[in-house]
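Protein chains: 2
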Amino acid sequence: MSKGFTTKETILKTAFELTSKFGLESLSIGELAKSVGMSKSGLFSHFKSKEKLQLMVMDYAAENFTLKVVKPALTKGRGIDRIEAMMENWVKWSGTYLPGGCPFLSAIVEFDDRPGAVRDHIKVLQGTMVETFARSVEIAKEESQIKSSASSEQLAYELYSNMIGFHIYNRLLKDKNAKVKFQNLYKSILEKVQV
Amino acid sequence: MSKGFTTKETILKTAFELTSKFGLESLSIGELAKSVGMSKSGLFSHFKSKEKLQLMVMDYAAENFTLKVVKPALTKGRGIDRIEAMMENWVKWSGTYLPGGCPFLSAIVEFDDRPGAVRDHIKVLQGTMVETFARSVEIAKEESQIKSSASSEQLAYELYSNMIGFHIYNRLLKDKNAKVKFQNLYKSILEKVQV
Numbered sequence: 061m062s063k064g065f066t067t068k069e070t071i072l073k074t075a076f077e078l079t080s081k082f083g084l085e086s087l088s089i090g091e092l093a094k095s096v097g098m099s100k101s102g103l104f105s106h107f108k109s110k111e112k113l114q115l116m117v118m119d120y121a122a123e124n125f126t127l128k129v130v131k132p133a134l135t136k137g138r139g140i141d142r143i144e145a146m147m148e149n150w151v152k153w154s155g156t157y158l159p160g161g162c163p164f165l166s167a168i169v170e171f172d173d174r175p176g177a178v179r180d181h182i183k184v185l186q187g188t189m190v191e192t193f194a195r196s197v198e199i200a201k202e203e204s205q206i207k208s209s210a211s212s213e214q215l216a217y218e219l220y221s222n223m224i225g226f227h228i229y230n231r232l233l234k235d236k237n238a239k240v241k242f243q244n245l246y247k248s249i250l251e252k253v254q255v
Numbered sequence: 061m062s063k064g065f066t067t068k069e070t071i072l073k074t075a076f077e078l079t080s081k082f083g084l085e086s087l088s089i090g091e092l093a094k095s096v097g098m099s100k101s102g103l104f105s106h107f108k109s110k111e112k113l114q115l116m117v118m119d120y121a122a123e124n125f126t127l128k129v130v131k132p133a134l135t136k137g138r139g140i141d142r143i144e145a146m147m148e149n150w151v152k153w154s155g156t157y158l159p160g161g162c163p164f165l166s167a168i169v170e171f172d173d174r175p176g177a178v179r180d181h182i183k184v185l186q187g188t189m190v191e192t193f194a195r196s197v198e199i200a201k202e203e204s205q206i207k208s209s210a211s212s213e214q215l216a217y218e219l220y221s222n223m224i225g226f227h228i229y230n231r232l233l234k235d236k237n238a239k240v241k242f243q244n245l246y247k248s249i250l251e252k253v254q255v
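Here the protein sequences come in this chain order: S and V. So for the first sequence, the numbering used here puts the first residue at 61; every next one is plus one. So for the second sequence, the numbering used here puts the first residue at 61; every next one is plus one.
The set of hints was computed from the structure by calculation and includes no laboratory data. A quick note: this is a predicted structure, and the numbers were derived from the prediction, not measured. Hints are supplied without guarantee of correctness; some may be wrong.
One copy or two, it doesn't matter: identical chains are merged, so the pair holds either way.
Stated by the list, open to error - Cross-link-like lysine-lysine pairs, in silico, DSS-like; alpha carbons within 25 Å at most:
| # | residue 1 | residue 2 |
| --- | --- | --- |
| 1 | K201 | K108 |
| 2 | K207 | K108 |
| 3 | K183 | K234 |
| 4 | K239 | K183 |
| 5 | K136 | K108 |
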């Protein structure tokens with residue numbers, strides 16, 4: 061691993077943590093340079109522009125999501141076990157690993173009405189996540205665990221809504237039963253389509 | 061209505077629209093002064109501090125929510141008709157009236173990890189909204205439309221999660237079937253508890 065590569069990794073990890081705390085738009089190159097102990101010009105040489113940095117932080121967050129939420133679930137059996145593992149991993153990722161809340165949710169809220177490269181990129185990444193859920197439902201259908209008549213797109217939407225709802229109940233409302241509510245809704249989402 | 065009061069209304073309406081577009085933290089007194097055609101010092105005389113302005117914008121948003129979503133639903137019959145009307149009104153409010161997305165969602169995401177007066181205030185307002193849903197479920201139980209064994213807190217969580225999920229699918233993912241997905245989940249949330 062070259063030094064340049066390691067430095068970039070460190071910068072992105074720090075930028076990711078700052079984004080999780082303060083949002084993507086507030087991510088200032090000056091603040092980031094201070095946090096990693098670099099000069100502003102040194103940091104610019106890595107990212108060229110604030111927009112480029114924002115795009116790369118989103119990619120970093122997506123890779124992190126894959127690493128912490130999706131990949132470990134793939135060791136589980138095909139079908140519902142895998143969906144359940146993803147949900148469990150997501151609850152852990154969202155509740156403990158992320159210092160300041162889901163960086164995607166911040167980015168979505170900030171950029172949903174600002175057309176441009178960052179918005180397009182968030183849309184693609186978030187769309188991919190939703191497709192991952194839909195695909196996992198498809199697999200459960202192939203395994204005859206979920207009714208073939210069930211819409212995997214609908215179920216992906218329901219799993220996603222439950223995740224976001226939990227995130228807000230847990231982080232903002234500090235609801236002590238957020239996880240129980242999340243699990244109850246998860247159970248009823250699946251019950252109605254399970255074979 | 062005194063001139064001072066009218067001016068304050070105009071400023072808050074503009075501040076609300078800016079918040080919906082750019083978030084609560086980016087709400088700058090300078091930008092706001094420009095938008096309403098006032099001097100910065102004139103604006104300060106109304107709000108004293110940025111924090112005070114942020115608190116009042118959140119109150120304005122909450123009143124707007126009550127006016128557009130809750131109040132019209134109260135003309136419907138007690139129980140499920142009222143819950144359904146609130147959901148319908150919310151879809152309209154979220155999809156058309158708000159220029160840049162739900163100001164609460166922006167505020168939640170921005171402030172969930174920043175302790176202070178603004179965060180506390182958002183928590184209270186959002187908690188009140190969730191309680192309004194829980195109360196409407198209680199009424200439906202009193203009217204024997206929803207099983208008495210159902211948890212109104214759980215149902216409020218489910219209705220809320222569905223709303224946030226729809227908002228993101230609709231605004232960010234531009235999913236053409238967002239409303240159908242929202243309605244399907246709404247239907248299945250109620251079906252399992254209806255008498």
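**OP:** Since the copies are identical, ignore which copy is meant and state whether K183 and K234 lie within 25 Å (CA to CA) inside a copy, between copies, both or neither.
**Re:** between (28 Å within a copy, 9 Å between copies)
Original post:
For the identical chains here, do K136 and K108 meet the 25 Å Cα criterion within one copy, between copies, both, or neither?
Top reply: Neither. Shortest intra-copy (41 Å) and inter-copy (57 Å) distances fail the 25 Å Cα cut-off.
Original post:
Is the C-alpha distance from K207 to K108 at most 25 Å within one copy, between copies, in both cases, or in neither?
Top reply: neither (50 Å within a copy, 60 Å between copies)
**OP:** Can you give me the call for K239 and K183, within, between, both or neither, at a CA distance of at most 25 Å?
**Re:** between (27 Å within a copy, 18 Å between copies)
Subject >> 25 Å Cα threshold - placement of K108 relative to K201 >> reply: This pair counts as neither: shortest intra-copy Cα distance 46 Å, inter-copy 59 Å.
In this structure, the earlier hints numbered 1, 2, 5 are contradicted, and the remaining ones agree with it.
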